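Listed in order, the protein sequences are those of chains A and B. Just so we're aligned: the first sequence equals residues 629 to 965 in this note's numbering. Just so we're aligned: the second sequence equals residues 33 to 288 in this note's numbering.
Hints in this document: simulated from the structure, not taken from any laboratory. All values reported here derive from a predicted model rather than from experimental measurement. In this text, a Cβ means the ideal position worked out from N, Cα and C, and glycines have one as well. Check each hint, because a few of them may be wrong.
[Unchecked claim] Straight-line C-alpha distance at most 30 Å; calculated DSS-like pairs for lysine-lysine:
(1) 221(B) x 94(B)
(2) 231(B) x 266(B)
(3) 231(B) x 221(B)
(4) 127(B) x 948(A)
(5) 127(B) x 221(B)
(6) 266(B) x 122(B)
(7) 266(B) x 52(B)
(8) 947(A) x 266(B)
(9) 122(B) x 948(A)
[Unchecked claim] Footprint (simulated), chain B over chain A, 3 or more residues, beta carbon under 8 Å:
(10) 815–829
(11) 832–844
(12) 847–853
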Amino acid sequence: MSLTQTSRETPLAEPSLEVRRRDLRLPLGILVAIVALSAPFLIGSYALHAIIIALIFLLPAHGLNLLVGYTGLLSLAQAAFFGIGAYTAGLLAVHYGTPFYVNLVAAGLMAGLIALPLGIPALRLRATSFVMCTLGFVIIGQAIAKNWISVTRGDMGLSSIPKPFFALGPASFTVSGTTGFYYLTLAVAVLATLAVWAIVRSPAGRNMIAIRENETLAESVGVPTWRYKLIVFMLSAVFAGVGGSIYAHYLTVVSPLTFQMYYSTTMLIIVLGGGAGTISGVVFGSLLFVGLSEALRVAPELRMIAYGFCLLILVFWFKKGFAPLLNRFWSFVGGVK
Amino acid sequence: MSTLPILEISNLTKSYGAVKAVNDVSMHIDRGEICGLIGPNGSGKSTFFDCSTGLGRPDSGKVTLDGQDITGWSLNRIAREGRMLRSFQKTVVFKALDVEENLIIAGQMFTFPSLFSTFSLGRMSRQRVTALRERARELIRMAGLWDVRHMPAGNLSGGQQKLIQFASMLMPEPKIILLDEPMAGINPKIIERVVETIKYANKSLGVSFLVIEHNIDVVTSICERVVVLDQGRKLAEGTPQTIVQNQQVREAYLGG
Numbered sequence: 629m630s631l632t633q634t635s636r637e638t639p640l641a642e643p644s645l646e647v648r649r650r651d652l653r654l655p656l657g658i659l660v661a662i663v664a665l666s667a668p669f670l671i672g673s674y675a676l677h678a679i680i681i682a683l684i685f686l687l688p689a690h691g692l693n694l695l696v697g698y699t700g701l702l703s704l705a706q707a708a709f710f711g712i713g714a715y716t717a718g719l720l721a722v723h724y725g726t727p728f729y730v731n732l733v734a735a736g737l738m739a740g741l742i743a744l745p746l747g748i749p750a751l752r753l754r755a756t757s758f759v760m761c762t763l764g765f766v767i768i769g770q771a772i773a774k775n776w777i778s779v780t781r782g783d784m785g786l787s788s789i790p791k792p793f794f795a796l797g798p799a800s801f802t803v804s805g806t807t808g809f810y811y812l813t814l815a816v817a818v819l820a821t822l823a824v825w826a827i828v829r830s831p832a833g834r835n836m837i838a839i840r841e842n843e844t845l846a847e848s849v850g851v852p853t854w855r856y857k858l859i860v861f862m863l864s865a866v867f868a869g870v871g872g873s874i875y876a877h878y879l880t881v882v883s884p885l886t887f888q889m890y891y892s893t894t895m896l897i898i899v900l901g902g903g904a905g906t907i908s909g910v911v912f913g914s915l916l917f918v919g920l921s922e923a924l925r926v927a928p929e930l931r932m933i934a935y936g937f938c939l940l941i942l943v944f945w946f947k948k949g950f951a952p953l954l955n956r957f958w959s960f961v962g963g964v965k
Numbered sequence: 033m034s035t036l037p038i039l040e041i042s043n044l045t046k047s048y049g050a051v052k053a054v055n056d057v058s059m060h061i062d063r064g065e066i067c068g069l070i071g072p073n074g075s076g077k078s079t080f081f082d083c084s085t086g087l088g089r090p091d092s093g094k095v096t097l098d099g100q101d102i103t104g105w106s107l108n109r110i111a112r113e114g115r116m117l118r119s120f121q122k123t124v125v126f127k128a129l130d131v132e133e134n135l136i137i138a139g140q141m142f143t144f145p146s147l148f149s150t151f152s153l154g155r156m157s158r159q160r161v162t163a164l165r166e167r168a169r170e171l172i173r174m175a176g177l178w179d180v181r182h183m184p185a186g187n188l189s190g191g192q193q194k195l196i197q198f199a200s201m202l203m204p205e206p207k208i209i210l211l212d213e214p215m216a217g218i219n220p221k222i223i224e225r226v227v228e229t230i231k232y233a234n235k236s237l238g239v240s241f242l243v244i245e246h247n248i249d250v251v252t253s254i255c256e257r258v259v260v261l262d263q264g265r266k267l268a269e270g271t272p273q274t275i276v277q278n279q280q281v282r283e284a285y286l287g288g
């Protein structure tokens with residue numbers, strides 16, 4: 629036991645010299661919650677619409693963040709799973725009139741299950757080939773949606789998808805109107821955020837980060853990296869599928885355009901711009917980027933130009949997205965200078 | 033205790049194109065032994081290592097760990113189920129993570145019964161992580177890294193990173209550890225500490241070792257037996273003293 633090193637066991641010095649102010653994190657959190665809950669009464673219906681879209685896109689972005697931010701796998705397939713979720717929910721609602729939560733769960737499961745046979749070959753590929761392969765999934769998804777006319781009605785898409793309704797025994801309840809939809813989406817978004825939080829805090833989350841940091845080293849300490857990557861790929865698809873189901877119910881229309889690269893890139897921008905590997909960054913990113921893109925619709929000619937400029941600024945000024953900024957703000961609120 | 037060798041590698045062959053990097057090499061490591069593997073650059077040591085630990089697949093040959101045929105197993109399975117761990121030539125740590133996290137990751141797959149159980153945040157799961165953290169701290173203290181345990185591993189010196197890597201391998205109570213040039217590029221003070229750690233793990237924890245090492249002083253001080261590879265073939269085998277005297281080995285090293 630000669631190795632037992634005598635080490636100074638004093639813990640690292642407490643930051644006692646730093647100026648401590650009052651911890652305002654809880655009050656701020658409550659304030660944010662109140663604002664979130666009273667948003668429909670504070671802002672116009674168009675802004676509310678923009679926030680709903682942002683919250684819907686938050687779901688696939690959370691999934692993508694697990695993949696890109698925590699496991700280190702760049703995927704462009706999110707739009708494909710988003711589309712699969714939207715079609716699953718749309719078809720169920722139109723043909724069987726199933727309640728909203730059934731469609732939502734079915735959409736998530738369907739996307740997750742389809743991710744399994746896609747992920748098995750795709751994850752055998754090296755980094756860049758994997759990205760190309762996931763891009764292919766979006767294109768294939770769109771082609772199927774266009775050409776499997778007997779089911780998807782091709783380019784006409786599925787229309788008049790009913791508003792979300794809940795049925796519990798004899799009682800049923802339909803969410804109509806933007807306000808109702810806002811609360812519904814907010815609830816799902818909050819649950820999804822908690823789910824991501826639980827996943828990344830679990831020992832599996834630690835293994836995911838290990839894979840991102842150094843896959844061979846993770847292997848050498850017994851982490852079955854391939855199986856983890858497959859599970860995370862499926863989980864990311866589940867989040868995208870759930871987002872797609874809400875999207876279908878919100879727009880009441882699903883067309884092959886749901887499978888488009890633009891959506892995959894939007895989700896990627898949310899994650900990378902907001903802060904890959906952080907939860908708060910992605911929440912902030914979804915509100916900023918989707919909200920911005922929707923809000924800029926008031927000036928359609930300038931919309932994409934303005935959007936592009938925002939991305940440029942982001943790339944040059946905030947290389948790690950907004951997450952570091954948010955963290956600093958949060959510790960500032962917490963009273964640590 | 034069984035007298036079977038802990039690790040037995042028979043007739044291992046691996047080619048890269050026309051070049052036979054490892055050509056029909058057989059060797060074994062006895063229980064509780066520290067065995068050295070030496071040879072000039074390009075003699076096939078690293079390929080031999082990779083093929084024995086699942087990082088590469090041998091073209092032919094058989095690897096038996098503790099009586100079990102593990103030929104063709106993946107690196108992670110050999111680590112997890114076989115408790116045979118390896119280090120890498122270049123120091124490898126999870127650079128962005130702190131020292132404690134590095135060690136916890138190294139122990140996780142040996143504590144959780146299944147992959148799915150790692151997704152849990154329940155009481156059992158938290159208890160397992162707490163136990164891992166305690167063991168990690170014990171090893172961190174032993175390695176003399178206590179003061180830097182909350183620093184990102186990438187910010188530490190090369191020698192300290194070697195110690196992290198070493199402590200990581202002791203997390204799961206391994207049966208055998210394969211070290212690929214553990215002393216390369218570190219200062220003499222840390223060499224001493226790594227040597228002590230190897231001896232400690234061997235004597236007190238009963239871990240067997242196979243060590244690739246160029247530093248002949250280290251080899252003679254820790255190894256009971258040395259195997260020499262040259263041009264993909266086994267050239268000699270014996271105690272460090274006889275190997276140093278061996279004419280063939282001298283010629284191989286001097287390019288005779």
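Hint check:
In summary, the hint linking residue 221(B) to residue 94(B) is not supported, as the alpha carbons are separated by about 39 Å, beyond the 30 Å threshold. The suggested pairing of residue 231(B) with residue 266(B) holds, with an alpha-carbon distance near 26 Å, which does not exceed 30 Å. A C-alpha spacing of about 16 Å is found between residue 231(B) and residue 221(B), which places the hinted pair at or below 30 Å, so the restraint holds. Pair hint residue 127(B) plus residue 948(A) holds up; C-alpha atoms about 17 Å apart against a cutoff of 30 Å.
For the suggested pair residue 127(B) and residue 221(B), the alpha carbons sit about 23 Å apart, so the restraint of at most 30 Å is met. With a C-alpha separation of about 25 Å, the suggested pairing of residue 266(B) with residue 122(B) holds against the 30 Å cut-off. Of the supplied pair hints, the one linking residue 266(B) and residue 52(B) holds, its CA atoms being roughly 13 Å apart against a limit of 30 Å. With a C-alpha separation of about 52 Å, the suggested pairing of residue 947(A) with residue 266(B) is violated against the 30 Å cut-off.
The suggested pairing of residue 122(B) with residue 948(A) holds, with an alpha-carbon distance near 28 Å, which does not exceed 30 Å. For the segment 815–829 of chain A, the stated coverage by chain B is satisfied: 3 residues place a CB nearer than 8 Å to a CB of that chain, which reaches the threshold of 3. Counting residues of the segment 832–844 of chain A whose C-beta lies closer than 8 Å to any C-beta of chain B gives 8; at least three are required, and the coverage claim holds. Counting residues of the segment 847–853 of chain A whose beta carbon lies closer than 8 Å to any beta carbon of chain B gives 7, which meets the minimum of three for the stated coverage.
Hint compliance for this structure: hints 1 and 8 are broken, all remaining hints hold.
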